[in-house]
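Just so you know, the protein sequences line up as chains A, B, C and D, in that order. The C-terminal position of the first sequence is numbered 371 in my numbering, with every residue numbered one higher than the one before it. The C-terminal position of the second sequence is numbered 371 in my numbering, with every residue numbered one higher than the one before it. The C-terminal position of the third sequence is numbered 371 in my numbering, with every residue numbered one higher than the one before it. The C-terminal position of the fourth sequence is numbered 371 in my numbering, with every residue numbered one higher than the one before it.
To be clear, the hints were calculated from the coordinates, so they are not data collected in a lab. Note that the structure is a prediction, hence the values are computed from the model and not measured. Among the clues, some could well be false.
Identical chains blur together in the list; that is why a pair holds if it fits in one copy or across any two.
[As the list claims (entries may be wrong)] Think about it this way: if two alpha-carbon atoms lie no more than 27 Å apart in a straight line, the pair counts; the simulated DSS-like pairs of lysine-lysine are: (1) Lys265 to Lys364; (2) Lys371 to Lys194; (3) Lys138 to Lys364; (4) Lys187 to Lys265; (5) Lys35 to Lys13; (6) Lys54 to Lys13; (7) Lys313 to Lys265; (8) Lys272 to Lys364; (9) Lys183 to Lys65; (10) Lys183 to Lys35; (11) Lys267 to Lys311; (12) Lys67 to Lys364; (13) Lys65 to Lys311; (14) Lys183 to Lys166; (15) Lys167 to Lys272; (16) Lys35 to Lys166.
Chain residues, written in single-letter form:
There are 4 protein chains.
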Amino acid sequence: MLQYITSGESHGKYLIAILEGIPSGLSVNTALINKELRRRQEGYGRGPRMDIEKDQVMITSGLIKGKTTGAPIGLMIINKDVTVDSLPQLLRPRPGHADFAGALKYDQGIREVLERSSARETALRVAVGALCKQLLQKFNINIISHVVRIGTVNINHPNLTFEMVKKMIKASRLNCISREVEKRMIKEINQAMKRNDTLGGEFEVFANGVPVGLGSYVHHMRKLDAAIAQGLMSIQAVKAVEFGLGVGYAAASGSRAHDELFYAKGKGYYRKTNNAGGIEGGMSNGSDIIVRATMKPIATLKRPLLSVNMKTKKTDSASFERSDICAVPSCSVIAEGVVAYEITRAFLEKFGGDSLTEITRNYKGYIRQIK
Amino acid sequence: MLQYITSGESHGKYLIAILEGIPSGLSVNTALINKELRRRQEGYGRGPRMDIEKDQVMITSGLIKGKTTGAPIGLMIINKDVTVDSLPQLLRPRPGHADFAGALKYDQGIREVLERSSARETALRVAVGALCKQLLQKFNINIISHVVRIGTVNINHPNLTFEMVKKMIKASRLNCISREVEKRMIKEINQAMKRNDTLGGEFEVFANGVPVGLGSYVHHMRKLDAAIAQGLMSIQAVKAVEFGLGVGYAAASGSRAHDELFYAKGKGYYRKTNNAGGIEGGMSNGSDIIVRATMKPIATLKRPLLSVNMKTKKTDSASFERSDICAVPSCSVIAEGVVAYEITRAFLEKFGGDSLTEITRNYKGYIRQIK
Amino acid sequence: MLQYITSGESHGKYLIAILEGIPSGLSVNTALINKELRRRQEGYGRGPRMDIEKDQVMITSGLIKGKTTGAPIGLMIINKDVTVDSLPQLLRPRPGHADFAGALKYDQGIREVLERSSARETALRVAVGALCKQLLQKFNINIISHVVRIGTVNINHPNLTFEMVKKMIKASRLNCISREVEKRMIKEINQAMKRNDTLGGEFEVFANGVPVGLGSYVHHMRKLDAAIAQGLMSIQAVKAVEFGLGVGYAAASGSRAHDELFYAKGKGYYRKTNNAGGIEGGMSNGSDIIVRATMKPIATLKRPLLSVNMKTKKTDSASFERSDICAVPSCSVIAEGVVAYEITRAFLEKFGGDSLTEITRNYKGYIRQIK
Amino acid sequence: MLQYITSGESHGKYLIAILEGIPSGLSVNTALINKELRRRQEGYGRGPRMDIEKDQVMITSGLIKGKTTGAPIGLMIINKDVTVDSLPQLLRPRPGHADFAGALKYDQGIREVLERSSARETALRVAVGALCKQLLQKFNINIISHVVRIGTVNINHPNLTFEMVKKMIKASRLNCISREVEKRMIKEINQAMKRNDTLGGEFEVFANGVPVGLGSYVHHMRKLDAAIAQGLMSIQAVKAVEFGLGVGYAAASGSRAHDELFYAKGKGYYRKTNNAGGIEGGMSNGSDIIVRATMKPIATLKRPLLSVNMKTKKTDSASFERSDICAVPSCSVIAEGVVAYEITRAFLEKFGGDSLTEITRNYKGYIRQIK
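Okay, chain A solo, but in the shape it has when bound (with noise of 0.2 Å):
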């Protein structure tokens, strides 16, 4: 069974994660990781920190010559900006943020709190996904994600695919596949960066060729559908998760909300549409996977809302730490990483095997069994 634990601080040295349950056999591309903790850090709308930190990933086990073999799997990124037992304690939690439960709960300060729940951790939840994508590639399945509305400015295109987004999403800044609409995102984002404000937005990831039958309906706790919106809900700031029509499913009636079957010789069985985002009864059905989240604004404001000081309970603006303006593209490329991690999970327990030349037997016999 897939499973990873992350750790590491915002502002310590060591930033790292063990992926343990990866078959051996696998070729790791290291540079690939890289690209991949590269596209979090871009995105139109992020803070200094960005400037600071070059993200690259260490292996520091679980491959022999470039080769997994079978062994949990460490991945270290460096910190450069480490002042992490230095920075200064803080008593004004800011609102929308872990400071004040996590004070609270932990008897502690919210510098020790801010340290952990702070989003660099999700520096190793892409590369951890990177490496799953690597594997699912042996598959020809392929994640990627398009950012569709940032603050009050969407995209409205519907019917998109896999090999739609694919096409249009090159070179963006944002990670959006409409030039025109990206112009205005990014007046929105510095619009809201002249108001010392933040923003939020949403994103789709699609995950192509995942075969019919990853989770299942038996056990509440084998669904796909529900491992996923766990993972993503996992993702700081993310507050929604949507399959498909998602929030839209509600409006729509049952004769025009389900996807018909048809089947065709060579191309075997198919649909016209796709709003149930690949999944029906908790198990990917053989299209695309769609799921759609929502990124609340950033929480670390430059004009600070209201707070407590948590010593005097007196009334004041709650702190300020270096931060974002937007970081929606980023979390679409996190969200990847954990679809992706995700689906490696249901995928390797649907197949079993120790290699990458046994699951691969399993595979593609079950593949076959299925025609």
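Guided by the hints, dock chains B, C and D onto chain A, whose structure is given.
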């Protein structure tokens, strides 16, 4: 660590769940569990099966003289409509259901799939949740829900609180806070019925009295919102989960989105808004937990969608099984149960303890500590 | 991932287990499960309760027309001696039992403790294991056991193999391979009975046909021997678990302790010895898995030991409840079930798959691969 | 829920563990962890690798200003002998090692297997355990071990208690309580060395101060002895685990085997014997936990056993890698760490809490309750 497994087929005799990890010393009121089961079965728009089944739980273990002992608790519901072994095999998967992917995955017929993927299983989740509610009530934690949308009819009532919903919800046929909106919803259901169509909708679950600090930001597997999202998304037909402002966060700027913090002597910390839905940093923050979910329309249609005969591979209309027109009110009751379970799980993890005495002492100590 | 929970009290009506994760397509033979249940109840030295209960399993879910569907499998045994709510409270804990620690931990009476800690629960573990055995047999994996010691009487028969035990075990009243030793064991039990005393003993479980490579060395949670040790030590009264040479390894030098490896065309790899008990590096190595466990004497004594009245704190003799003189043969049957479950779990983790068809294909592919 | 994953190869640069679930507020003493690491490396009979590596832990995360924050704790040891990518491939599996099964299972070379299956990994388990010990000491729980047998030399000292062992163990080269026996053990090791042979042995771990009621009888996954057995059996080369009287229970009758219970004012409940090894019904019973394990002789022999060249399938002598003659004292130190971890896990599950303050309050409340 609290856990449960459900078992049983839609038309099998026994629906049984085992709930493991409930502490000793809780007097269990079976009538209250049955009341929740009844709530799940009611609601305008349910199908003829509800006239057959009048769910009553039997507690098969884990109680001695009406009190929990710490041992696993068996919850059994006996089906009246027991025909699982004599029902005909089906060949044409219903779009939107587990039929298609389930049959391929498990290499079996559609009948075998739908007997388990059926929402009949959710009766057990309601029973599990109803028992959890009784534990939570010892700590003044209460959970309710209300339906906010059925098809195109929705209620628009911002800034609802637990207390408001509690007052307004009484004696509704659709678990709706407004008699006026309810009437329009019933009309919507009647129209769908005439069209042989089905409807989905949206509902909200409120948890009141949850102490600050359940869940945690320290590890992706410890976040309370992620756990609740996993639980809700695992309910049949749920396609979207949102906390607080949810998808509405995307268009709100940071300066307006986050809930400022206040303090008053006697009252302690408080907020004037609750956009966060009671969750910050993956933890309960002391405000009501508010989570909204979208249910897709029932996938079993009297006027069936197009499908494929999995034997002949020819296009044909999907199978029809006795079904509901609209089950959103039921789904909201199930969701209460799921939320109750997830909060209980996080509660027991935070407060430890094996008996109600011990947990109460630990809980009170913490409440004093964070004052 | 295979898992199960058992529920039920010693004198409650329902003993129910749910086994989750068994693949589809397995024809389950209930008579074979009942046969194993009978084996658990027999054995010279069992107490009067065994005259009352004649365990018969009812499968409450997870089967349609006698075949597994992938859904959770409910296993129910109905107790005849149902008196849980009317039995008297006890105040004097029996040394060696859960009574003392259980009453303090759960802040309740001894009655509440012993109703759950009772070995009556192991009937369900036998049922779970008997079902697992039926799955394993599809892959020619077979599990048997034999008693090697009761009290001071032991059998000394080095280098036993699965085949030898299988041949010699038939029709024994004590699950013992030697009629001569069995006679002495029965005499030992008779003598203990006269003294109002009880006896423990030792037994071995053999698993034959386990393919090379179940379990793993890569992570401490993946080792097969550790999982089996966990399972066996969790059986009531088991106090020691040994693989192969076990404690005998301590006095053997390396040059004599390890099993040299050979290869012959047709036969493939093989060993001439099996000191390792079929486990190297936490994995099955293709030889028989041989694990030995020690059961302590029954802790309920007709001539009770000294204890303390937990109310008055005065010294008094411990409570007496109807009990056995010796249950080592029963324990060996339970242990077979536990080993069957753990091997099934490791087997399904390695081979993945959701249907018997798929698992068989995956298994055969691997067997070819490692030839 | 406490958990950890270790990572790293025997000759890779980084050995890293992440320990997740330690509460906030614990001042960690790195020197004490290093002292335990040194204890693991010492002991007469270790091989030349121990002259190269002088293990020092670096804590990479989870501490701010020397105190735990509740965040995952990274523990890193840097290897000096870093040659993993340049070491030659091996073809002749060493009997007794993971080589054979590991190479087949993961479809890779023996080198890839032994780099992970190596006992080098246990340095991290010692580090994890040493940190857990520091938490346990806050509650006056202490853990020590002593070697009771090396090869044919064993110590026979019945009724040892934690206090006795603690007094007698000081400054031993073999972690042995008797100077006289130690001399004979060293002689035994010297003789084995001359024969190019290796030795195993036995050791005991004692845990003192464990409160009544860790673990539970209610579910097979909650038993403390089963968890400890799982942990110990997962240590490389451990083949047997026994609690208290262990295998000796088999020949003892019930009237002599169980530990009678007494009570004295001031002192509370107590026992005069401890055959149970501090465990009844899968729970700590307030007496010292005493667990004994058997380590098989080191499987790497200078005068190698017969094996098979996995390429040519020809019989040949097994590979030789630099190794130890006897590592039983090291193994006893590792086992202390494993027991410390398992007790900490059970302790945190019982007492809940996120900060040392909270846990201490919960713990004290329980101790008062059960008085």
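Could you place Lys183 and Lys35 in one of the four classes (within, between, both, neither) given a Cα distance threshold of 27 Å?
-> within (24 Å within a copy, 56 Å between copies)
Tell me, please, which holds for Lys267 and Lys311 at an alpha-carbon limit of 27 Å: within, between, both or neither?
-> between (67 Å within a copy, 16 Å between copies)
Same-copy or cross-copy closeness of Lys272 to Lys364 [CA-CA at most 27 Å] = within (26 Å within a copy, 38 Å between copies)
With identical chains treated as interchangeable, where does the CA-CA distance between Lys371 and Lys194 reach 27 Å or less: within a copy, between copies, both, or neither?
-> For Lys371 and Lys194, neither the intra-copy (57 Å) nor the inter-copy (39 Å) Cα distance is at most 27 Å.
27 Å Cα threshold - placement of Lys13 relative to Lys35 | Both. Shortest intra-copy (21 Å) and inter-copy (24 Å) distances satisfy the 27 Å Cα cut-off.
Using 27 Å as the alpha-carbon threshold, which applies to Lys187 and Lys265: within, between, both, or neither?
-> neither (49 Å within a copy, 44 Å between copies)
Lys65 and Lys311: within-copy, between-copy, both or neither at 27 Å Cα | Only across copies: Lys65 and Lys311 sit 20 Å apart there, 54 Å inside one copy, limit 27 Å.
Given a CA cutoff of 27 Å, do Lys183 and Lys166 count as a within-copy pair, a between-copy pair, both, or neither?
-> Within one copy only: 19 Å inside, 46 Å across.
For the identical chains here, do Lys54 and Lys13 meet the 27 Å Cα criterion within one copy, between copies, both, or neither?
-> both (13 Å within a copy, 23 Å between copies)
Please work out whether the CA atoms of Lys138 and Lys364 approach to 27 Å or closer within one copy, between two copies, in both situations, or in neither?
-> Both, since 12 Å and 22 Å are each at most 27 Å.
Give the relationship of Lys167 and Lys272 under a CA distance limit of 27 Å: within one copy only, between copies only, both, or neither.
-> Within one copy, since 20 Å is at most 27 Å while 46 Å is not.
First find the shortest C-alpha distance between Lys265 and Lys364 inside one copy, then the shortest across copies, and answer within, between, both or neither for a cut-off of 27 Å.
-> Within. Shortest intra-copy distance 19 Å satisfies the 27 Å Cα cut-off; inter-copy 30 Å does not.
Hint compliance for this structure: hints 2, 4 and 9 are not met, and every other hint is.
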